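Here the structure of chain H is known, so what remains is to put chain G in place on it, guided by the hints.
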Amino acid sequence: MKEKKNLIKNPSFQAILTSLICIVLGLFIGFIVLLLINPAGAGEAIKTILINFMSRSSSIARMKALGNTLAKSAPLLMCALSICFCYKVGLFNIGAPGQYEAGACIGLYAALAWHCNWVVCLILAAIAGAIVGAVSGALKAYRNVNEVISGIMLNWIILYTTNMILAKVKDPTSPYTIKLSTGNKSALIPTAGLNTLFSNNKSVTLAIPFAILFAILIWVILSKTKFGYELRATGFNKEAAKYAGMKEKQNIIITLAIGGALAGIGAAFLFLTGYQEWSTTQSSVPAMGFNGIAATFLGGLHPIGTIFASFFIQSITDGGALINKSIYPSQISDLISAIIIYLCGFVLFFKFAINNWIGKRDKGGPNVNDVPVKDDAAKAEGGDK
Amino acid sequence: MILLLQYTIIYASVLCLVALGGCFSEHSGVINLGLEGIMVMGALGGAVTMFLLPAGTAKIVIILATTLAAIIIGMLFSCLLAVASINFKADQTLIGTAMNLLATAAATVFVRAMNTAINPDNVSSAIQYIQPKKAFLKNIGKFEFNWFMLMAVVLLVVAWFLLYKTKFGLRLMACGENPQAADSVGINVYKMRWAGVLISGFLGGLGGIVYITAGVSEWKFEMGVAGFGFLALAVMIFGQWKPTNIALAALLFGLFRALSNVYTGIPFLAAMNIPSTVYNMLPYIISLIVLAFTSKNSRAPKAEGIPYDKGMR
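These protein sequences, in sequence, are chains H and G. Quick note, the first sequence lines up with residues 207 to 591 if you use the numbering used here. Quick note, the second sequence lines up with residues 1346 to 1658 if you use the numbering used here.
If we strip away everything but chain H, and leave its shape as in the complex, we get (with noise of 0.2 Å):
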């Protein structure tokens, strides 16, 4: 009886309960929406958006479809793990997806314009996107913009910037930019191999393994250094933080440049593995971008929870591809992340919820102590000033 106990009161494991509560929520509302638009296959049209890959038929296909899956799940995982290092800090990088634009931009005109290989691209993205952090943070810094605001704006300038100037490595034929196995054979992540466990599937490169390293890298800093204790400080009290001689202007542009060089990087293991191109004619802003605001939510604010959420939502999303689509829209898991993330803003109800339900049942009242004070990233002051 003891051992439960502590265990309900432990914080991962709140964060853990919470993000399922918010799961099966959003699961349980998408399935209902399945109902009303056709009752007769609304079950199995659930099961195969949850078991995503596992409804092939073959094995060969399975560990093909899972690779696609892992391949996208690696760019996702750094646009999340972007959102959540800046989140940890204090600032709300909406901004990822411009950072991921202009990691795009400069990775594949890299690629193709200037023959470079894949280590510089990755390099030159990972810059790209750090710069259009850095801008952000600068504003911030020194003049009191709020990064949301100047996230929103830098989103759609980078997104118009990097159509125009990919236009200039399209292929002739379509919107697209050129395919990097006929343009630049040597700007492709290799597979070292990885490819003959996912039957063969070229989309599955280093790059997922990178990512995993980076969510790792991403939790030592943050939780074992003496650098991100300073920045976790600045971002709970940048005043406090200044009293204490940490230099807060720098640490904020610093993080927000991070935050973007992880976007970029993103971007650079979805469009260096061959899997897509950019569209050049594209009038909305990505939405890998912030599809990683719901792997950050949903992954409970820590990096190695993301890399699980991050998976998550890629396997839905994919999953939506396969149902039946002259019965149903494969929109249908957009909608059903889209009911997740918007639960995620509840998880601090959720926890209020749990911690007032273990302080009645222990004292016959609510427990005060236990209340969760709101995250480090609980903003003191106003909007966008």
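No lab work stands behind these hints, which were simulated from the structure alone. Here the structure is a predicted model, which is why all the values come from computation and not from measurement. Where hints are given, some of them may not hold.
Some but not every residue of chain H turned toward chain G, in silico, with C-beta under 10 Å [what the hints assert, rightly or not]: (1) Ser429; (2) Lys430; (3) Ser539.
In silico DSBU-like cross-links for lysine-lysine, where the CA-CA straight-line distance does not exceed 35 Å [unchecked claim]: (4) Lys1647/G <-> Lys455/H; (5) Lys444/H <-> Lys1434/G; (6) Lys1587/G <-> Lys1565/G; (7) Lys1478/G <-> Lys1655/G.
Over the 10 Å line for every Cβ pair with chain H, so calculated as not near, a few chain G residues [stated by the list, open to error]: (8) Ile1463; (9) Gln1473; (10) Met1494; (11) Ile1630.
Virtual Cβ for every residue (Gly too), placed ideally from N, Cα, C.
Same frame as chain H, but now just chain G:
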């Protein structure tokens, strides 16, 4: 040139309506990043109404029904923001972002399900409204007048009056500046914030339907509203949260949007050969620069973005 004027005015109407919506929400203390999503939902409500109305419906009925549908759906959708951020004190940035994703996904799912139900071979996410759309238009010479333009002007005046000349408006603004003080003199902060968000749903939903009837007669809901909600946010900031300035900012940004559509038809602009993306980009660049120079002493409501908690003083 008349075409440019026409597009400028209609785009300015959209931006003005939606930005005013954002303005009400922010003055009450809630940041509304979900404007884009509210627009999509309003557009969906209006488009479906136009699509479902029988062919011979009187013009006035079409106008009223479509407008009402857009407004009601917009307000209903804005409740998601109100519940989460006012009652459950959720992170407003997160909720706003979720609403944008949710709206596009939900609208696409709905339209595709509807299209497939009518014709099993039709899996597109587009709704056509060529015929009913004509109800909104009236040709004055070469200028194509749209009833929505008039609505935008009327609502602008109403919004200004409501915000500055009524007890309600002044109380609303008090909740965005200093909710604790407002509460201490007996204003119900939660109710006022609900009102602010619902008004933004009203104006945002209306803006959505105006936007999709502005230049085209068919809308693909997969595209959402192509960033217009965010552009409206830029208008609101450029207009420094004041209705009159918002109207002027909307005209300027509307002009840029119109230029990107029609610049090829204007000789001296076509000769300059600036790609349309530059015109699309300019409003965002301008707002970013304006922000950089004005944010130190910004007119933004002081308490926006902070959930109000009665127990915290």
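> Of the numbered hints stated previously, which ones are contradicted by the structure, given in increasing order?
Replying inline: 1, 2, 7 and 11
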